[in-house]
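J.: What follows is the residue order along each chain.
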Amino acid sequence: MQYHQSWFLGIVAALLLFFIVFMPMLGVRVRELLGPQVATSNNSEQLAAENESLKAQLAELTDVEKEMPTSTPNAVRAMVYSEYPFNFKNEMTLNAGITDNVAAKDVVMFQENLVGIIESSAAHRSVAQTIFDPNFKLHVRIGSSGYDALLVGGAYPMVESIAKNAAVSAGDIVYSADANVPYAMSLGEIANVSLAADNLFQEASLSFPYDMGMIQTVEIVKNAQ
Amino acid sequence: MKHISAIIIFLLAVMLQLWFAPAGMRGDFVLTALIVFAFLFEFWELSVFVLLGFLVLNLSFYSVVAMIFFVGLPFVVYFLRKRFPMNPWLGSAVGIAGSIVVFYIATAPFSAFQNAGLVLIDVLACIVFGELVLCGMEG
Numbered sequence: 319m320q321y322h323q324s325w326f327l328g329i330v331a332a333l334l335l336f337f338i339v340f341m342p343m344l345g346v347r348v349r350e351l352l353g354p355q356v357a358t359s360n361n362s363e364q365l366a367a368e369n370e371s372l373k374a375q376l377a378e379l380t381d382v383e384k385e386m387p388t389s390t391p392n393a394v395r396a397m398v399y400s401e402y403p404f405n406f407k408n409e410m411t412l413n414a415g416i417t418d419n420v421a422a423k424d425v426v427m428f429q430e431n432l433v434g435i436i437e438s439s440a441a442h443r444s445v446a447q448t449i450f451d452p453n454f455k456l457h458v459r460i461g462s463s464g465y466d467a468l469l470v471g472g473a474y475p476m477v478e479s480i481a482k483n484a485a486v487s488a489g490d491i492v493y494s495a496d497a498n499v500p501y502a503m504s505l506g507e508i509a510n511v512s513l514a515a516d517n518l519f520q521e522a523s524l525s526f527p528y529d530m531g532m533i534q535t536v537e538i539v540k541n542a543q
Numbered sequence: 009m010k011h012i013s014a015i016i017i018f019l020l021a022v023m024l025q026l027w028f029a030p031a032g033m034r035g036d037f038v039l040t041a042l043i044v045f046a047f048l049f050e051f052w053e054l055s056v057f058v059l060l061g062f063l064v065l066n067l068s069f070y071s072v073v074a075m076i077f078f079v080g081l082p083f084v085v086y087f088l089r090k091r092f093p094m095n096p097w098l099g100s101a102v103g104i105a106g107s108i109v110v111f112y113i114a115t116a117p118f119s120a121f122q123n124a125g126l127v128l129i130d131v132l133a134c135i136v137f138g139e140l141v142l143c144g145m146e147g
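For the record, the sequence lines run as chains V and X. This note's numbering runs 318 ahead of the 1-based position in the first sequence. This note's numbering runs 8 ahead of the 1-based position in the second sequence.
Honestly, the hints are just simulated from the structure, not real lab data. Warning: the hint list may mix true and false statements.
[Claimed, not checked] Which residues of chain V face chain X? A partial, calculated answer using Cβ under 8 Å: (1) S324; (2) V330; (3) A331; (4) L334; (5) L335; (6) F337; (7) I338; (8) L344; (9) G345; (10) R349; (11) L352; (12) P354; (13) I416; (14) A441; (15) V445.
Don't be surprised by glycine CBs; every beta carbon is placed ideally from N, CA and C.
Whenever a hint applies, use it, and build me the whole structure from the sequences.
T.: This is how it looks when you write it as structure tokens:
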């Protein structure tokens, strides 16, 4: 009996080995069946991202129409390497590097939202610091009025140093206004506004139209700085 | 009955692992289940579950180191418990903690040290899950 059971299990193991080597997509199907649906190109997440991008463009047009870039820099499409078993959001490894003309300080975009900045670049891969890194800091502007603020990264990125009298409210778009990255790139939307602990400024939490852990492909925009 | 329970628990571990990921945490629930199975099953039964985990998690798309350690750790625990018989409750907790720490250090040492807090949370969550699995299997 034990002998037959071992044979049976051995055959099952051999079958699984066959699937692993020749039909790995079978595992993907099982994952799809058991796991959450991965974002597709026409779902609400993308619509929300596009909406935020449009809001950023609108804010930019309203505030500094003349400064709007007239041409889009060439972007490099890159895949995000999985870092199983990790799901740390502070950095992402991309499959494009120096040979693809990717260099430090280039901007990483996902569905027209700035998600990070290239930190280091090797021949065929690069590492980007994301806005979820506690060391990430970027000068930004908020909404159509263009209030100045500082985006401070972290597990929950915050927009800090907003003038106390600035009429910032939930839903306002936050876009880049830092000398080190292209102007007016959407970063997210204001979620909650509150008075900072020092009582001198306001601060706000952000909401994002994407889930960092689910990003599989990004665009790297050459930083012309 | 033992095998059916194990299959259900295994699928539950896969689901937990997949559903926790978008929430910002990738618990190693499948590896945890395999470590517990190392205390309950014999070599060929364990092999089937390890290969099933390998297939479902698509480990062939990950680094060779991740593959080797994912497959190797349950068998290391299996041979250790054969060589040094131990209480499964204590053994599985130690095995889970050790395996996950070794797995993290082997696959991404820099990130593991940089995010030691997250690793610790993962270890604790997996120990709790592992003890529940053992409870479910032995109960």
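J.: Hey, does the V/V445 contact hint survive, CB to chain X under 8 Å?
T.: violated, 10 Å
J.: So, V/R349 near chain X? Judge it on the closest CB pair being under 8 Å.
T.: holds, 6 Å
J.: Against chain X, run the beta carbon of V/I338 and see if the smallest gap drops under 8 Å.
T.: OK, holds: V/I338 within 8 Å of chain X, min 5 Å.
J.: Can we keep the V/L352 interface hint, with Cβ of chain X closer than 8 Å?
T.: Check passed: Cβ of V/L352 comes within 5 Å of chain X, closer than 8 Å.
J.: Answer holds if the nearest beta-carbon of chain X is closer than 8 Å to that of V/V330; otherwise answer violated.
T.: holds, 5 Å
J.: Can V/L344 be said to touch chain X, with a Cβ gap under 8 Å?
T.: holds, 7 Å
J.: Is the hint on V/G345 kept, meaning its closest Cβ partner in chain X is under 8 Å away?
T.: For V/G345, the interface hint holds, since the closest Cβ of chain X sits about 4 Å away, which is under 8 Å.
J.: Go through the hint on V/S324 and say holds or violated, using the shortest Cβ distance to chain X against 8 Å.
T.: holds, 5 Å
J.: Does the closest beta carbon of chain X sit nearer than 8 Å to the beta carbon of V/I416?
T.: violated, 21 Å
J.: Using 8 Å as the Cβ threshold, decide whether V/A331 counts as touching chain X.
T.: holds, 5 Å
J.: Holds or violated: is the Cβ of V/P354 closer than 8 Å to a Cβ in chain X?
T.: Constraint on V/P354 satisfied, holds at 6 Å.
J.: With chain X as the partner, please determine if V/A441 meets the hint condition of a C-beta pair closer than 8 Å.
T.: This hint is violated: V/A441 lies away from chain X, its Cβ roughly 18 Å from the closest one there, beyond 8 Å.
When the structure is compared with the earlier hints, violations turn up for hints 13, 14, 15 and for no others.
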